[in-house]
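S.K.: Below, each chain spelled out in residue letters.
2 protein chains.
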Amino acid sequence: MAHGSGGRLSHELVDKCFLRFFRNPILDKLGDSATFELGRRLAFTTDSYVVTPLFFPGGDIGKLAVCGTVNDLAMSGAVPLYLSASFIIEEGLAISELQRIAASMKAAADEAGMTVVAGDTKVVNRGSADKLFITTTGVGVIASGVDISPDNAGPGDTVILSGTIGDHGITILSQREGLSFSTDLRSDCAPLHQLVAEMLQESHRINCLRDPTRGGLATSLNEIAEQSGVSIEIEEELIPVRDEVRGACELLGLDPLHVANEGKLIAIVEEDVAEKILERMKKHRYGERAAIIGRVGTGPRGRVVMKTPFGSRRILDMPSGELLPRIC
Amino acid sequence: MAHGSGGRLSHELVDKCFLRFFRNPILDKLGDSATFELGRRLAFTTDSYVVTPLFFPGGDIGKLAVCGTVNDLAMSGAVPLYLSASFIIEEGLAISELQRIAASMKAAADEAGMTVVAGDTKVVNRGSADKLFITTTGVGVIASGVDISPDNAGPGDTVILSGTIGDHGITILSQREGLSFSTDLRSDCAPLHQLVAEMLQESHRINCLRDPTRGGLATSLNEIAEQSGVSIEIEEELIPVRDEVRGACELLGLDPLHVANEGKLIAIVEEDVAEKILERMKKHRYGERAAIIGRVGTGPRGRVVMKTPFGSRRILDMPSGELLPRIC
Chain P
426 MAHGSGGRLS HELVDKCFLR FFRNPILDKL GDSATFELGR RLAFTTDSYV VTPLFFPGGD
486 IGKLAVCGTV NDLAMSGAVP LYLSASFIIE EGLAISELQR IAASMKAAAD EAGMTVVAGD
546 TKVVNRGSAD KLFITTTGVG VIASGVDISP DNAGPGDTVI LSGTIGDHGI TILSQREGLS
606 FSTDLRSDCA PLHQLVAEML QESHRINCLR DPTRGGLATS LNEIAEQSGV SIEIEEELIP
666 VRDEVRGACE LLGLDPLHVA NEGKLIAIVE EDVAEKILER MKKHRYGERA AIIGRVGTGP
726 RGRVVMKTPF GSRRILDMPS GELLPRIC
Chain B
426 MAHGSGGRLS HELVDKCFLR FFRNPILDKL GDSATFELGR RLAFTTDSYV VTPLFFPGGD
486 IGKLAVCGTV NDLAMSGAVP LYLSASFIIE EGLAISELQR IAASMKAAAD EAGMTVVAGD
546 TKVVNRGSAD KLFITTTGVG VIASGVDISP DNAGPGDTVI LSGTIGDHGI TILSQREGLS
606 FSTDLRSDCA PLHQLVAEML QESHRINCLR DPTRGGLATS LNEIAEQSGV SIEIEEELIP
666 VRDEVRGACE LLGLDPLHVA NEGKLIAIVE EDVAEKILER MKKHRYGERA AIIGRVGTGP
726 RGRVVMKTPF GSRRILDMPS GELLPRIC
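Chains as they are written, first to last, in this note's numbering: chain P, 426 to 753; chain B, 426 to 753.
Just so you know, these hints were derived from the structure itself, not from any lab. Keep in mind that a hint or two might mislead.
One copy or any two copies: either way a pair holds, since identical chains are not told apart in the list.
[Unchecked claim] In silico BS3-like pairs for lysine-lysine, Cα to Cα no more than 25 Å straight-line:
id, residue 1, residue 2
1, K441, K707
2, K708, K556
3, K441, K556
4, K454, K531
5, K454, K732
6, K701, K556
7, K441, K531
8, K454, K441
9, K441, K732
10, K531, K556
11, K708, K732
12, K454, K701
One chain only, chain P, in its complex shape (with noise of 0.2 Å):
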C-alpha cells in the first residue's frame, strides 16, 4: 500500500517498474504533464482516480478526475482543451450513481472549457473493483513565451502556496472510519487553469508550479528541489491551515504538510514579480488565501528545510508510509 502513497516508496516503485523501462527526454523531466511540440505546443497528462468513497463534501470522483486534469494541465502553464475518461465499473453499481457522476464531470469540463472527446466504459465482476476507477487524460496548448517546468526553480525565486493545506485528504478521512471530527470542512476540489492564466498575465517569469495533491505539499517541494537542482526553505508560519485540518492531523499524529490538496497549487517565481503575481492570486476565488511560504535556495540539492515558530530548522522529506490510501 505504502507503494501508492506518492511518497518515497511511490517514487522508487516509479523508477525500478517503469522509468527503467520507458525513459526518454519528455518522460524524464517527471512534470505534471508531459510537453512536447506538434504543430503547437502541446501538454499532456494522465491520472487514474480510485478515491473512496466516490461522493463527499465539496465533489466526487468525477469533479476530482476531471480538476485532477485540468491541473496538471494547467501546471505546465497550459490552456486545457480536450479531455478523454475511461471507466472501470464494478458490476452492480447504480446506473443513477454513474450518471450523478458524469454530470459532474461535464459541469467541471464546462468550467474549464474542456471537451470530453473519447472514452471507454469496462465493467469487471463484483469484487473485481470498487465500485468506479476513473482515468482522465487531457490536452491543452501552450502559449508562446511561456516555459515553467518542474526543473526550472533557481536560488533567489520566492515559493507561493495559493492556500490552506490539507482540506481534501482531511474531509476524504472524516467520511471513512466513521470520523466526524470536521463537520465544515469540504474537499478544496478545484480546477486551477484560470487562476494559472491571471497569475501568466501578471507575468511570464514564473518558473516552476506544481499542485501538491497525494504526498501533500512536503512531496511536492521535495519533487521541484530535487528536479531543479535546488535546496528549498520554508516558513512554517506562514503556511496556511485551517483549525480543523491542524485538529485532525494533531488527533491522528498526521502531519498537515504530507495531506493532499486537490485545489491548491505551489509557484517558484521570480523574487521581483512575487509580490505582484501574490496579489494577483488573492484576488481569484482559489487564491484567497495565497502566501509567500519561502525561498528557493543553494543549499544541498533536493535538500527542503522548514524554519518552525521556534526558529529551529527541521529537513522536511516526503511521507515514507501509507498515509491515507485512496484519496485520490
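We have chain P already, so just place chain B on it with the hints.
M.R.: What follows is chain B alone, placed relative to chain P:
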C-alpha cells in the same frame, strides 16, 4: 456484466450515462479515436484494460494496452506518436510481474514508434481491484489527404477483413475456466499502424477502418452501418476462421463473429481500389489472410446481413448479453 460486453447493452450504457452529458461534434462521431485540429490534425484515444489472466499466449495486459491504443489511432489513419499509461495496482501484485508487463509495453511501444511520455500509478487495497488494470491514451498525427471515419462508408464500397477472427477471445477463454481445447491458439494482439500505413500508400480511398475488438466483427460492422447510414452485406464463407476457433465456438455455443480480436481490422474501401489494397495487405505479416468479405449496400440504415453458405440470409446483430467478461 452485460453492460461491458461491447454489444447492445454497452451502447445503451454509453448513451444514457455518458453521451447524454458529454455530447459534442467530436465525441459524437464515436470513432476509435477522436480527431481534432490543433496546429496539425491529431487523433486522440483512450482505453482501459482489465484482461484476466494478465499473461496469455501471444501477449499480456501491457502489450494489449499498447497495441489497443496504437490500433485505435491507426483506425483514424493516424501515425501513433505519444502514449500515456496509468496503472491501478492491487496491493500484493509482485513487482517482478509489473516489471515484466512494463518491459512488454516498452517493446510494443518501440514496435509502434510510440514514446511513453506520461503516466500515473495508484495502489488500492487487496480486494479493491483484481491484480492490475491499465489505461492507455495515445496521440497521433493524421496526414493530409487522409479522411477515415466510421461515418464515411458509402454504397458500393468493398468490405475487407485483415485476417482470421476470434483468435484473441478464444485464447483468453481457453486460459480460464480450466478449458484446454486450443493448445496452439495464440492471441492475435498486434500493432496495425504499419499495415494501415502501407494500405494508405496504395490508396487514400479508404473510407472507414475499425478494429473488431470487444463485441467482435458483428459489432464493428453494425457500428459502421449505423454511423454511415448504410447497410452492409457479407458472406459467411469468405470470413477466415481458424479451425480451433470454429471448434471452440461450436463447443461453447459462441458465434466467432461476436468474439474479440486484437490484431485485425475491417477496411471499407472504394470498390475500384479494393483488389490493389487487398494484395498489399496480404504481403504484410499482419494481413496475410486478408479477404474481401462483402460490400456496402443501400438497404435500411444500420442493417448488417450475412449470406450463409446455403444461400440464405440472416441479420447479423450485435451480441446482446455478456459473452466473455474481461477479455481486454
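S.K.: At most 25 Å between CA atoms: does that hold for K441 and K531 within a copy, between copies, both, or neither?
M.R.: The answer is between: 14 Å across copies meets 25 Å, while 37 Å in one copy does not.
S.K.: Classify it for me, K454 with K441: is the Cα-Cα distance of at most 25 Å met within a copy, between copies, both or neither?
M.R.: within (16 Å within a copy, 40 Å between copies)
S.K.: Evaluate K531 and K556 at a C-alpha cut-off of 25 Å and name the case that applies: within, between, both or neither.
M.R.: This pair counts as within: shortest intra-copy Cα distance 20 Å, inter-copy 30 Å.
S.K.: One pair to classify: K441 and K556, alpha carbons no more than 25 Å apart. Within, between, both, or neither?
M.R.: between (30 Å within a copy, 18 Å between copies)
S.K.: If the cutoff is 25 Å on CA atoms, where do K454 and K531 land: within, between, both or neither? Let me know, please.
M.R.: between (31 Å within a copy, 18 Å between copies)
S.K.: With identical chains treated as interchangeable, where does the CA-CA distance between K701 and K556 reach 25 Å or less: within a copy, between copies, both, or neither?
M.R.: This pair counts as neither: shortest intra-copy Cα distance 46 Å, inter-copy 49 Å.
S.K.: From the Cα coordinates, with 25 Å as the cut-off, is the pair K441 and K707 best called within, between, both, or neither?
M.R.: Classified as neither: same-chain Cα gap 41 Å, cross-chain 41 Å, threshold 25 Å.
S.K.: Within a copy, between copies, both or neither: which one fits K708 and K556 at a CA-CA cutoff of 25 Å?
M.R.: neither (39 Å within a copy, 46 Å between copies)
S.K.: When Cα atoms must be at most 25 Å apart, do K441 and K732 count as within-copy, between-copy, both, or neither?
M.R.: neither (34 Å within a copy, 54 Å between copies)
S.K.: Under a CA distance limit of 25 Å, which applies to K708 and K732: within one copy, between copies, both, or neither?
M.R.: For K708 and K732, the Cα distance exceeds 25 Å both inside one copy (28 Å) and across copies (69 Å).
S.K.: Within a copy, between copies, both or neither: where do K454 and K732 come within 25 Å Cα-Cα?
M.R.: Neither, since 29 Å and 56 Å both go past 25 Å.
S.K.: Within a copy, between copies, both or neither: which one fits K454 and K701 at a CA-CA cutoff of 25 Å?
M.R.: neither (28 Å within a copy, 46 Å between copies)
Of the hints listed earlier, those the structure fails to meet are numbers 1, 2, 5, 6, 9, 11 and 12, in rising order.
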